[in-house]
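Residue numbers (the UniProt record's numbering), protein chains in the order written: chain A, 1 to 82; chain B, 1 to 82.
Everything labelled a hint here was simulated from the structure, so no lab data went into it. Computed from a prediction, not measured in an experiment: that's the story for all the values here. Just so you know, even glycine gets a beta-carbon here, dropped at the ideal spot from N, CA and C. Please note that the accuracy of each hint is not assured.
[Unchecked claim] Now the stretches of chain A that chain B is said to cover, found in silico as 3 or more residues with beta-carbon under 8 Å:
{"#": "1", "region": "18-25"}
{"#": "2", "region": "61-71"}
[Said to hold, decoys possible] Residues from chain B shown here face chain A by an in silico Cβ test under 7 Å; the list is partial:
{"#": "3", "residue": "G13"}
{"#": "4", "residue": "H36"}
{"#": "5", "residue": "I82"}
[To be verified] What the simulated footprint calls covered on chain B by chain A, stretch by stretch (three residues with Cβ under 8 Å from a Cβ of chain A suffice, anywhere in the stretch; the number is not a length):
{"#": "6", "region": "19-30"}
{"#": "7", "region": "62-70"}
Read off the chains here:
2 protein chains.
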Amino acid sequence: MAQYMDVHHGMKGITADQLMAAHKADLAVEKDEGVHFERAWADPESGTVYCLSEAPSPEAVQRVHERAGHRADEVHAVPYSI
Amino acid sequence: MAQYMDVHHGMKGITADQLMAAHKADLAVEKDEGVHFERAWADPESGTVYCLSEAPSPEAVQRVHERAGHRADEVHAVPYSI
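Generate the whole structure from the sequences, applying the supplied hints.
In structure tokens, the structure reads:
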């Protein structure tokens, strides 16, 4: 298992409710892939969403997001964190 | 006070020790600006570093990073988080 930060662009105007709904959609399917989405942050002005997860691979992170209906634009392994 | 996610590019090959040193440099000067850097994540492969902070403004976040010697490439307010 490793930690990942993935990034979604093009989410201008996202609301708190939409962020929560998207996160719940991830949580609903993440177990099938051995992924856990821990945190998420949204900047509605630039339309950027960051998601922090624990997962076996970047592909597993992306599969969960795809099944939840919101493919990530970037998935970064973040082996170092504070 | 609000929450910010800032992003540094061009950090390919960053090590865990370098991430910790950069974070400590932020902590050493952050109080002057009323900022607190809470977390940081590094992807040495793409050279991307993400920093999560509480701050009075995006300019205050940037001033701390500049004084610590590592200006951010992007500073995003993230008013919504999970």
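**Item:** Evaluation of the interface hint that places G13 of chain B against chain A, nearest CB under 7 Å
**Value:** 11 Å, violated
**Request:** Hold the hint about H36 of chain B up to the distance rule: shortest CB distance to chain A must be less than 7 Å.
**Result:** 13 Å, violated
**Prompt:** For the region 19-30 of chain B, do three or more residues have a beta carbon lying closer than 8 Å to a beta carbon of chain A?
**Reply:** holds (count 3)
**Message:** Taking 8 Å as the Cβ threshold, is the statement that the region 62-70 of chain B is covered by chain A upheld or broken by the three-residue rule?
**Reply:** violated (count 0)
**Request:** Verify the coverage statement for the region 61-71 of chain A against chain B, using a C-beta to C-beta distance below 8 Å and requiring 3 or more qualifying residues.
**Result:** violated (count 0)
**Prompt:** If you take the shortest Cβ to Cβ gap from I82 of chain B to chain A, is it below 7 Å?
**Reply:** At about 5 Å, which falls below the 7 Å cut-off, the nearest Cβ of chain A leaves the hint on I82 of chain B intact, so it holds.
**Asked** Do three or more residues of the region 18-25 of chain A come closer than 8 Å to chain B, measuring C-beta to C-beta?
**Response** holds (count 3)
In this structure, the earlier hints numbered 2, 3, 4 and 7 are contradicted, and the remaining ones agree with it.
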